[in-house]
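Going down the list, the protein sequences come from chains F and W. When we follow our numbering, the leftmost residue of the first sequence carries the number 7, and every step to the right adds one. When we follow our numbering, the leftmost residue of the second sequence carries the number 163, and every step to the right adds one.
Nothing false has been slipped in among the hints.
So the derived list for chain W, only partly shown, Cβ under 10 angstroms to chain F, looks like this:
#, residue
1, Glu348
2, Arg349
3, Ile372
4, Asn376
5, Arg377
6, Leu412
7, Ala413
8, Ser414
9, Gln415
10, Arg417
11, Arg426
12, Asp431
13, Gly434
14, Arg447
In case anyone wonders, no lab produced these hints; they're calculated from the structure. Ideal Cβ placement from N, Cα and C applies to all residues, glycine included.
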Amino acid sequence: MSAVLQASNLSVEFAAGRLRLRRSRAAATIALRGLEIEIPKGGFVGIVGESGAGKSTLARALSGIIRPSTGTIHYRGEPIDYPRERDLARAIQMVPQDPGSSLNPALSVGAVLRELLRFHELTPPERIERDCGELMELVGLTAATLAAKPRVLSGGQRQRVALARALAVSPTVLIADEIVSALDSPVQAGILNLLLELRERLGLTIVLIAHDLAVVSAVCEHVLIMREGEILERGPVQQVFAAPTSAYTRSLLDAARRLVLPTVREP
Amino acid sequence: MTEALLEVRELSLRAGRRAGEGRVVDRVSLEVRRGECLGLVGESGAGKSLTLRAIIGLLPAAVYLDHGEVLLDGRPYRSRSREGGARIGMVFQEPKAALNPLMRTRDLIAEGLRGRGVRGAAATEAAIALMEEVGIDHAARRSRAWPHELSGGQRQRVAIAMALAAEPSVLLCDEPTTALDVIVQERIIELLDRLRVQRDLAIVFVTHDIAVINRLASRVALMYAGRILEQGPTAAVLARPHHPYTARLLASQPRIDQAKRPLRALSGDPPGPGEWPEGCRFHPRCMHVKPDCLKAPYELHSSGKSRQSACIRCSEIEHELERESQ
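Let the hints inform the model, and build the full structure from the sequences given.
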């Protein structure tokens with residue numbers, strides 16, 4: 007299996023702010039410490055860890071939005087140059103956690119998508135309207151949603167719009183940063199199913215950042231367990247969850263398993 | 163059967179100016195006994211948090227009490243009165259927002275103690291004792307910390323200590339573990355369960371996470387579009403739902419013990435206030451809907467031992483429901 011994304015010796019540091027408070031001797035914060043990662047083409051990879059583990063930084067580094075302090079990221083065997091070429095920026099799309107703040111509240115859904123399609127010149131002008139409608143259908147919404155402003159949409163609908171926006175530029179890799187964390191379970195289930203379906207239909211590679219192990223277990227094939235900027239454990243989900251090798255993974259799984267629901271009795 | 167300590171009778175809230183206009187919570191009745199935890203489960207917009215806020219008298223500016231009453235120990239509860247106000251405490255979802263960033267931990271907790279006449283050095287001592295009770299290590303040192311110096315879990319413990327400072331007999335919890343990581347969440351759940359036993363607290367725990375309720379609450383009420391659709395003992399309700407909504411909610415939960423794809427989603431979104439359908443509130447999304455479900459607004463009725471359901475077809479479709487929630 008070939009790797010679509012590959013990171014070697016990937017480190018990200020954030021310099022201490024210029025504005026220092028009295029007595030604070032803040033050193034640089036190391037968010038990622040020399041990671042080696044391979045994302046297989048067409049794979050569905052989950053990245054799990056607690057707040058501050060470096061999950062979102064990794065998502066942003068893998069999508070090329072931030073430049074690593076050391077190390078390189080290869081996309082299809084080619085090292086990423088910064089700033090990224092437009093083709094590369096299109097190929098790896100990140101869907102942020104909170105569409106409420108990432109969608110422009112003043113623009114309708116249609117205006118956002120039309121602008122995007124025009125800018126990237128992927129669609130002849132006369133086909134833009136039709137493509138917008140198709141994008142809506144692809145994410146399980148109707149063309150009527152194009153007229154809506156983000157404010158009137160529910161959390162699940164907004165997340166679908168965020169996915170449509172990412173898919174508008176025909177990416178090969180989708181990096182989803184906690185996109186179901188804020189949703190109620192029936193809506194969450196719909197979005198997770200949509201991800202599975204999109205991967206199938208479009209041949210996408212998906213990286214899903216999550217703190218909920220049950221979510222990862224429901225959709226992912228591979229999992230990386232992160233803590234304090236390092237990867238503690240990795241492997242096929244079933245294998246890692248059945249026989250974790252690190253004590254930390256075990257404690258995460260134990261905490262999650264104590265919250266398991268009873269199995270419903272057979273009639 | 164002991165008497166209910168907290169009783170909510172036919173509580174209705176409205177977001178409009180005139181009576182009966184813009185209902186957001188519709189005739190909700192709840193009972194909690196001493197030492198008991200009641201889980202109130204539902205999706206965003208179901209009216210769970212508003213119900214809690216109405217109990218303690220902290221309704222948002224545009225929401226009004228339309229009807230109903232809150233009884234504490236059999237007497238009408240008035241949140242503003244001095245003796246009454248101290249009996250119900252509340253813990254919120256975001257401890258960061260609930261803690262005044264300009265006050266040290268011990269002063270935050272001491273505010274609640276002042277109502278009981280505990281001041282000065284005695285208040286600091288009592289604050290440290292409360293911090294120890296809620297499981298904060300190095301309580302004496304941390305009592306001088308500012309909220310921003312604490313982790314998310316520690317902040318939530320401080321928020322719980324603040325609520326306990328007034329010696330409440332009822333603790334209302336509004337998603338206090340939702341913003342926390344799984345291991346921290348686990349510890350906060352253990353803490354609340356221990357406090358329930360040690361202090362004989364009556365707890366109302368609002369969440370959208372049924373798994374948390376399964377750990378903590380002996381009884382559960384499911385709320386949807388401003389109404390309670392089902393309630394009963396947690397184990398019985400989760401094992402054999404008596405309402406299609408409960409079954410669908412259970413079926414949509416991702417489970418760590420089984421990879422199940424695709425997950426069972428519910429189509430569409432729950433109706434917002436003002437969009438509530440005639441008849442059963444859940445009927446537009448229900449797989450078991452029959453013409454009768456669209457008629458009168460269905461009330462909760464007894465559906466088994468200490469159980470209530472608002473579904474008129476629940477005995478007919480029980481077997482279907484069980485299959486569905488698997």
